[in-house]
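2 protein chains.
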Amino acid sequence: MTTPLVVDTTVDAPHDRLVRAKDASRSIAQLTSSDKARALESIASALEGASERILAGNALDIERGRAEGLSDALIDRLRLDAQRVSGLASAVREVATLPDPIGQVIGGHRMPNGIALEHVRVPFGVVGAIYEARPNVTVDIAALALRAGNAVVLRGGSAARESNTVLIDVMRRALTDAGIDPEAVQTVDDFGRDGAKALMQGRGFVDVLVPRGSAALIETVVTESTVPVIETGAGVVHIVLDETAPLEWARDIVVNAKVQRPSVCNAVETLLVLRQAAPQLIPVVASALQSEGVAIHGDDMVAGLVSNVIPATDDDWAAEYLGLEIAIKVVDTLDEALEHIRRYSTGHTESIITTDSRSAERFLAEVDSAVVMVNASTRFTDGAEFGFGAEVGISTQKLHSRGPMGLAELTSTKWLARGSGQTRG
Amino acid sequence: MTTPLVVDTTVDAPHDRLVRAKDASRSIAQLTSSDKARALESIASALEGASERILAGNALDIERGRAEGLSDALIDRLRLDAQRVSGLASAVREVATLPDPIGQVIGGHRMPNGIALEHVRVPFGVVGAIYEARPNVTVDIAALALRAGNAVVLRGGSAARESNTVLIDVMRRALTDAGIDPEAVQTVDDFGRDGAKALMQGRGFVDVLVPRGSAALIETVVTESTVPVIETGAGVVHIVLDETAPLEWARDIVVNAKVQRPSVCNAVETLLVLRQAAPQLIPVVASALQSEGVAIHGDDMVAGLVSNVIPATDDDWAAEYLGLEIAIKVVDTLDEALEHIRRYSTGHTESIITTDSRSAERFLAEVDSAVVMVNASTRFTDGAEFGFGAEVGISTQKLHSRGPMGLAELTSTKWLARGSGQTRG
Chain A
1 MTTPLVVDTT VDAPHDRLVR AKDASRSIAQ LTSSDKARAL ESIASALEGA
51 SERILAGNAL DIERGRAEGL SDALIDRLRL DAQRVSGLAS AVREVATLPD
101 PIGQVIGGHR MPNGIALEHV RVPFGVVGAI YEARPNVTVD IAALALRAGN
151 AVVLRGGSAA RESNTVLIDV MRRALTDAGI DPEAVQTVDD FGRDGAKALM
201 QGRGFVDVLV PRGSAALIET VVTESTVPVI ETGAGVVHIV LDETAPLEWA
251 RDIVVNAKVQ RPSVCNAVET LLVLRQAAPQ LIPVVASALQ SEGVAIHGDD
301 MVAGLVSNVI PATDDDWAAE YLGLEIAIKV VDTLDEALEH IRRYSTGHTE
351 SIITTDSRSA ERFLAEVDSA VVMVNASTRF TDGAEFGFGA EVGISTQKLH
401 SRGPMGLAEL TSTKWLARGS GQTRG
Chain B
1 MTTPLVVDTT VDAPHDRLVR AKDASRSIAQ LTSSDKARAL ESIASALEGA
51 SERILAGNAL DIERGRAEGL SDALIDRLRL DAQRVSGLAS AVREVATLPD
101 PIGQVIGGHR MPNGIALEHV RVPFGVVGAI YEARPNVTVD IAALALRAGN
151 AVVLRGGSAA RESNTVLIDV MRRALTDAGI DPEAVQTVDD FGRDGAKALM
201 QGRGFVDVLV PRGSAALIET VVTESTVPVI ETGAGVVHIV LDETAPLEWA
251 RDIVVNAKVQ RPSVCNAVET LLVLRQAAPQ LIPVVASALQ SEGVAIHGDD
301 MVAGLVSNVI PATDDDWAAE YLGLEIAIKV VDTLDEALEH IRRYSTGHTE
351 SIITTDSRSA ERFLAEVDSA VVMVNASTRF TDGAEFGFGA EVGISTQKLH
401 SRGPMGLAEL TSTKWLARGS GQTRG
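Protein chains in written order, with the UniProt record's numbering: chain A, 1 to 425; chain B, 1 to 425.
Honestly, the hints are just simulated from the structure, not real lab data.
Nothing here was measured: the structure is a model prediction, and the numbers come from that model.
It is possible that part of the hints are untrue.
What the hints assert, rightly or not - Partner residues are not named here, just some residues of chain A that face chain B (Cβ under 10 Å, in silico):
hint	residue
1	Ser25
2	Ala29
3	Glu231
4	Ala257
5	Gly387
6	Leu416
7	Gly421
As the list claims (entries may be wrong) - Sample of chain B residues lacking proximity to chain A, with all beta carbon distances greater than 12 Å (derived):
hint	residue
8	Leu70
9	Arg77
10	Glu162
11	Asp181
12	Pro182
13	Arg275
14	Leu305
Cβ coordinates follow ideal geometry from the N, Cα and C atoms, glycine included.
With the hints as constraints, model all of the structure from the sequences given.
Shown next as structure tokens:
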């Protein structure tokens, strides 16, 4: 027995994990709502009970991350502590309380010939996820997938591999304890790049793949996958101010949208101000931003109205800063603002501050983004704010789901037809 | 000027067609329901008026097809005559009368802070279609896409290229006559393989791609596309007969499902009969099939009950005959039937004939197909039968749409948020 590892790798190829997930998905799909809630409670308790083990795994990741020179920001995203582990467990319990989308009847009617047609929500089957540093995604996605009756195959960032190994082991044991097939939670992390590839190419075994992370990660997944993908994309988010915008709304909304949590996809990145409104609005809004530590990239007119403006380049209009920076541009007309948004928006969220109802309705109709707002902060594009109770991600694609995704977005549908001998004439 | 063709190709690359479709999609998206109906009426009249030109183009395709040795069946699919052209125009007029899905409010609520949230149907933008021989698909898909407010980029089969060139020209002129941007209907046929490639790789310009045709075509599109695809797949459709199946229902439904139109995806291909029911049901059902000219591939038990049975191989269980052939297998239990379906079904439609409600409900719950039936012919899986008024195709994927697709499946959604200065706390 000199080659046990080689034998193991042969027997347990990444594709086998997909097969096992698919097999398990059949029993998971048939679980009742309370079975699923019980499974999640078991996972939550197990996470709490395994806190020390989880933190020990995480400490190894942090240590390796430091040795490999990861930035402090990345180390922070990677780090778990007792409170964060307890937060993970609470999040799982919250998911357990969400209404079960499975079995919901979303349509149907009796056909003229008497066949009763019912359109019902069913699980996808196997949900794949490819993501980066934060180990909490491992638990979040698994809990959401299970709540919606799916098995899940996870591929986390290599920076979090020790943390994820422990988290997945804890969840699988918890499922076993609850009498539920542990094969419903799989990882392909141990196969490195081959694992990701198997997941992306797992047609017939993986029903949907959700990438979460950088634009580069998402681009890779979209390009290499033969499995259907839901893009959860970047947010080059715009706010437009016109000459009817109340000064306080403009200032408060822009500051909130930029500063309240600058590192997330629904934070504003570019401010477009109608020329007529610029002299009144820009100095006030810019000074409010600057007093919050926001660096301003602006065009010539902005530079003429505000001090300490960094000249904006084309790169700034396309930038997702994800930090305390903003680009400000003066435009001549609403048309020019709409054209700028068409060119640079990633289709996530845009908002206009105006009291002119014609401009408001035109903006709502013509901006082709997942969420289009009037007189509200772009930070409201969020599953919890939308009342979904949990968020799988924010889809910037147009297929299947657009905008904040709740549990229902992790389901498919099927048609049930109950007849009494009908044939087609 | 010795190289005009080269210059033309450079200026008018396939990608330019996508750009023009995307540009046009913006005005098409803003058309009212009656504008769109008017555009379709203009197309219908133009098709009627251009009947001779269309038939002349079609005659060239038929001639070339014969010279290239196309089968009679393919020639028949390719062929247009005056009646079929008139049928094309009628189909366009029918699409014009369908309720407009755009602007439909499918959800929404007032957020606790007062923001009014509305979830509305919007056009995809640009719908791509890659399909094979039948030129009527060119008109059908364009009409459906336009009705739902989309621009369309078409890539038809090379066998129908003269017919499609004329049809597209007629539709574009009709749009111009109706005062609507003709760039909303594009073809990439003239670029051959490069055209298909541009369409499949047109991320950011093509919002969804619908392949219609053979399993090989669909496989290619799924594999090569970076644009989201809706698979309209093959149908290896099963009917299960158990020991409680009324003899007449079993016979009538199986014969109808096989014989009424054998060349389509919702025709049954495999019959699974519970062993206990086999002696009673198989002779009657098989003889009814044989009297309709259906060849029977069967296992040993079937061969013992019926004459002229061709021994079935594994290939038969996976076969989509699309003709007057059927595979019949005897299974010991419902579990074995479900396992066989899991292995060989393409997830299109399956039906069980039974009066045992436990078996019926188990079948409905456990079969993972777009449409699952009890006591009804699989031929009912159809957009018109389901009351959609038109059919884009039958999706066998789980993302976005599953089963027969109507106009609403050619739309996306967006969220509109109307506030009065709200910021996030």
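*Run the structure past the numbered hints and jot down the numbers of the failing ones, going up.*
Nothing - there is no hint that the structure violates, so all of them hold.
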